[in-house]
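A.B. asks: Quick note, the sequences are listed as chains A and B, same order. If you count by the numbering used here, then the first sequence holds residues 1 to 325, one letter each, in order. If you count by the numbering used here, then the second sequence holds residues 1 to 484, one letter each, in order.
There could be a bad hint or two in this list.
[As the list claims (entries may be wrong)] Capping the alpha-carbon separation at 20 Å, the derived lysine to any residue pairs in SDA-like fashion look like this: (1) K108(B) <-> R149(A); (2) K232(B) <-> R149(A); (3) K181(A) <-> Q199(A); (4) K232(B) <-> T28(A); (5) K61(B) <-> Q154(B); (6) K165(A) <-> K61(B); (7) K321(A) <-> A52(A); (8) K165(A) <-> N130(B); (9) K165(A) <-> L136(B); (10) K257(B) <-> D179(B); (11) K232(B) <-> K321(A); (12) K165(A) <-> P131(B).
Derived by calculation from the structure, the hints in this document are not laboratory data. Source: prediction; values computed, not measured.
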Amino acid sequence: MSRLQVVSGKGGTGKTTVAAALALALATEGKRTLLVEVEDRQGIAQLFETEALPYEERKIAVAPGGGEVFALAIDPELALLDYLQMFYKLGGAGRALKKLGAIDFATTIAPGLRDVLLTGKACEAVRRKDKAGRFVYDYVVMDAPPTGRVTRFLNVNDEVAGLAKIGPIHNQAQAVMRVLKSPETAVHLVTLLEEMPVQETADGIAELRAARLPVGRVVVNMVRPQVLDAAELEQIRGTPRTAFARSLSAAGLGGARRGGHAERLVDPLLRQAEEYAERYELEHEQRSVLGELGLPLHELPLLAEGMDLAGLYELATELRKQGMS
Amino acid sequence: MSPDAAHDAPRHRLAPARVLELDPLLDDPTTRIVVCCGSGGVGKTTTAAALGLRAAERGRKVVVLTIDPARRLAQSMGIDSLDNVPRRVKGIDDTAGGELHAMMLDMKRTFDEIVEAHADPERAAAILSNPFYQSLSAGFAGTQEYMAMEKLGQLRARDEWDLIVVDTPPSRSALDFLDAPKRLGSFLDGRLIRLLTAPAKLGGRAGMKFLNVGMSMMTGTLGKLLGGQLLKDVQTFVAAMDTTFGGFRTRADATYKLLQAPGTAFLVVAAPERDALREAAYFVERLAAERMPLAGLVLNRVHGSGAAQLSAERALAAAENLDESRIVDQHAGKAGLRNSPDTYGSSEPAEPSAPASPSGPGSPAEEAPTDGAVPGDEAGHEADTDGAGREADAGRAGVPAERSVDELTAGLLRLHAERMQLLSRERRTRDRFTALHPEVAVAEVAALPGDVHDLTGLRDIGDRLAAHRHELPEGGDGQSGAEA
Chain A
1 MSRLQVVSGK
11 GGTGKTTVAA
21 ALALALATEG
31 KRTLLVEVED
41 RQGIAQLFET
51 EALPYEERKI
61 AVAPGGGEVF
71 ALAIDPELAL
81 LDYLQMFYKL
91 GGAGRALKKL
101 GAIDFATTIA
111 PGLRDVLLTG
121 KACEAVRRKD
131 KAGRFVYDYV
141 VMDAPPTGRV
151 TRFLNVNDEV
161 AGLAKIGPIH
171 NQAQAVMRVL
181 KSPETAVHLV
191 TLLEEMPVQE
201 TADGIAELRA
211 ARLPVGRVVV
221 NMVRPQVLDA
231 AELEQIRGTP
241 RTAFARSLSA
251 AGLGGARRGG
261 HAERLVDPLL
271 RQAEEYAERY
281 ELEHEQRSVL
291 GELGLPLHEL
301 PLLAEGMDLA
311 GLYELATELR
321 KQGMS
Chain B
1 MSPDAAHDAP
11 RHRLAPARVL
21 ELDPLLDDPT
31 TRIVVCCGSG
41 GVGKTTTAAA
51 LGLRAAERGR
61 KVVVLTIDPA
71 RRLAQSMGID
81 SLDNVPRRVK
91 GIDDTAGGEL
101 HAMMLDMKRT
111 FDEIVEAHAD
121 PERAAAILSN
131 PFYQSLSAGF
141 AGTQEYMAME
151 KLGQLRARDE
161 WDLIVVDTPP
171 SRSALDFLDA
181 PKRLGSFLDG
191 RLIRLLTAPA
201 KLGGRAGMKF
211 LNVGMSMMTG
221 TLGKLLGGQL
231 LKDVQTFVAA
241 MDTTFGGFRT
251 RADATYKLLQ
261 APGTAFLVVA
271 APERDALREA
281 AYFVERLAAE
291 RMPLAGLVLN
301 RVHGSGAAQL
311 SAERALAAAE
321 NLDESRIVDQ
331 HAGKAGLRNS
341 PDTYGSSEPA
351 EPSAPASPSG
361 PGSPAEEAPT
371 DGAVPGDEAG
381 HEADTDGAGR
391 EADAGRAGVP
401 AERSVDELTA
411 GLLRLHAERM
421 QLLSRERRTR
431 DRFTALHPEV
441 AVAEVAALPG
451 DVHDLTGLRD
461 IGDRLAAHRH
471 ELPEGGDGQS
481 GAEA
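Please work from the sequences and hints to get the whole structure.
C.D. replies: Written out as C-alpha cells, the structure is:
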C-alpha cells in the first residue's frame, strides 16, 4: 500500500469527501494518517465540523478501530518561510524577502513555485521520521487539485528541475519527484456516473500515465441506489395505467377512478420512472467506459440525508470493506 | 383539498427567493457583458453557452468566451479547434436578426499576443524564448484567470458584439483576476522589481555594487536558492517585460472598471449541493466587496416532481402496504388493504431513511410478455373499486419470474420516495443560501437526466433558465397546492 495517497477528481465529484473518508479508512488500529489540503478552501475543517485549520498538523479525528487522523491545510506562504528556515536557516532573510514582496511574488506569480511548495511539504511529511526512526505518519492522504490540473501540479517539480538546472531548488525538486514517481505514491481519481466526469477521468489517467505518475484507483462517488432494474422498467412500460391506479388505491393512496387521488399520481410516477430509466441507461454506459480503464473500481453510495460527519465515517467503513485501505 | 395537511411536519415558510428573470437581462441593450462564475462541476460552461444562444436567438449579436468546454459541446458549436478567435456558430435561429459567435480561450496564445503587442519584435522574441516565460504562460495557477480577463478586454474593445458572455475557470481563484491590478501594481511599485531588473539593466553582476548591501544580500540569497542561471532567466524576463508590464497594468485596471460598470452582470452558477452553494456564497460576498454588479444566482440541476403532494414517508408507507397485503393475500386470502376511499391512508409512516432494496423479493424477472398478466385497460374504468389487478400477483399465480403490478407499483413508490428525499435535501440547501442572502435573485433550472451536447439541448436549457419559476416547492412540506 502506497504511503502517499493522492486524491483528485473533477470539480463537484466530492474528492475532498473521498480523501477524508480514505484518511479515516487508512487509520486502522495503531496507525496514524495525515490528511493534507492544498487549495485553501478549508474543506476538511467543514467536513470534520471543526473551526478553520491553521498551518499546523493537528489531530482532528479518531478513526473506527482507534487510529488517528491528523490534518494540515498548507499555506504556501508559510510553507515557503518554513522551507527557507528548515533548509537554509534563513528565518530572518525570509522576513526581509516578505517585506520586499518577494514572497508574494514567489507564491503567486512565479510559475509553479506555489505547487512546488505544496507537493514538497506533502513529501516531507511522507518521509518524516521520529527519533526512534519510525515514520511519523503511516499514510499521507492529499486532497489534490482537480483532474484537469493534477498532472501538471504533481509534475511541477520536473519542470522546476528543468528551469533551475543546479542549486538547492533543483535538488529539492528532484527529491520530490523521486517520491511522486515511485510506488510510494498512488493517484486516485474520483468520478460520478456521468459523461463529463467519466471522460475527464479517462483523460486524466492518460495524462498521468504519460507523465509516468503512478495511477491508483477510480472511486465512483454518490452512486444512487438501484430501485428498479432493466426488466422491471420494461415491465412497467407494458403495464396499463389503470392497473397502477388500482394498485396505488389498494396501497391506501386514494381513489383509482379517473381524477381520483391515486389515478392522478400515475402519470407523474411513470414520468419519474422514464427519467430514471434514461439515467439508468446512461449510468450503465458510463460504468462500462470505466470498466475499460483497467483500474480497480470502488463505488460509494449517495447519502440520502446529505454529507455529515456520520456519513463520512459510513463512507470510510465502506472503503475498508471494499479493500481500498 | 389536502385532507392530511393537519398531521404534517410543522411548516416553516421562508420568504421565497426573488426570481431572477433572465430574458429582460439578455434583451436589455445596455447589458453588454455577462460573467458566469461558480465552482467546478456546476454547469457553468453550459449555462454560458445556453445564455449566449438564447440571447442570439432573441436578436442580439453575441460572442461566448468559454474556458474549457466539454469536447462534444465544443464540437457542436464548431469551436473545438483552438485558434483563439471567435467563430460564427451555425444552425441557430437567426430570424430575430441575431448572431452567435463562440471561442475557446487559448491561454498561451493570448499571453503571446500581449507580449507581441507591447514589445518591439526583438524584445518580444527574447521574451517568447525565455524559459521562465514559457513556463509562466503555459498555465500555472492564475495565468488562466488573467488571460480570460485579458481576452474579455480585447473582445470588448473590438466593439463588434452587443453582448459578451464569459465563462470563468473552474475554481475559487476564478475571482483572482479581480486582484490582478492590485497585485501587479504592488509588484511594479515594489522594490523587488528594481532588484530584479537592476543587474540586468546595468549589465549583469557588475551592477551589483550600485545596490546597497541589503539588496545585494537579497540577490545573493535568491541566487543561492534558485541557482544562478534561473535567477538570470528571471532577471532577463522581468527586464524584457518591464515595458509590457506597464501596459498589462493599464489593461487590468481598465478591465476591472469595465466589470464594475452598469453594462456588466455577474451570474453566480451553482447546483443545489452544500459545497457548491457554499462556494456560491463566497462568490456573492466577494463580488459585493469589490462592488461588482451581481444579477443573481443560477441554480442548475434542480429536481422537481409532478407528484410533490405525495411525501417520501407516505410513498414508502404505501409501498409497504403493498408488500404486506401481498403477504396477507398469500397466507390468508384476506384483502385487508384493497382500494381505499379518496383520502390518504392513515397507516404509520415508514422510516424515511429506509433505503429501497435493489429489487423486490423473488427471483430475477425473466423477459416474459406481460400480456394477460393484468386485466385489459378498457375494463379499468368500471372495475375501479373492487379487488382488480390481483391476477398479476406473481406469488399466488406461481409464476416467480414476473413482478406483479403491486410489486411494480411499490417500485414506483420507492423511486418517488428517493426523488422526494433528494428534493427536500435540495430545498434545505437552497433555503440555507437564500436565508443568508435574501437579496440574491435565483433562477432554478430543472435537472436533465443526461448531458447536453448540441444546440437543441442548449436551447432547452435556455428555456428552463428563462422559465422563471421555482422547481423546488416553497415552504416546508410540499403538500399544498397540487391537490387543491
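A.B. asks: Next step is simple, just say for each hint if it's right about the structure.
C.D. replies: Each hint, compared with the structure:
no. : hint                : result
1   : K108(B) <-> R149(A) : holds (16 Å)
2   : K232(B) <-> R149(A) : violated (28 Å)
3   : K181(A) <-> Q199(A) : violated (24 Å)
4   : K232(B) <-> T28(A)  : violated (50 Å)
5   : K61(B) <-> Q154(B)  : holds (17 Å)
6   : K165(A) <-> K61(B)  : violated (51 Å)
7   : K321(A) <-> A52(A)  : violated (31 Å)
8   : K165(A) <-> N130(B) : holds (14 Å)
9   : K165(A) <-> L136(B) : holds (17 Å)
10  : K257(B) <-> D179(B) : holds (12 Å)
11  : K232(B) <-> K321(A) : violated (55 Å)
12  : K165(A) <-> P131(B) : holds (12 Å)
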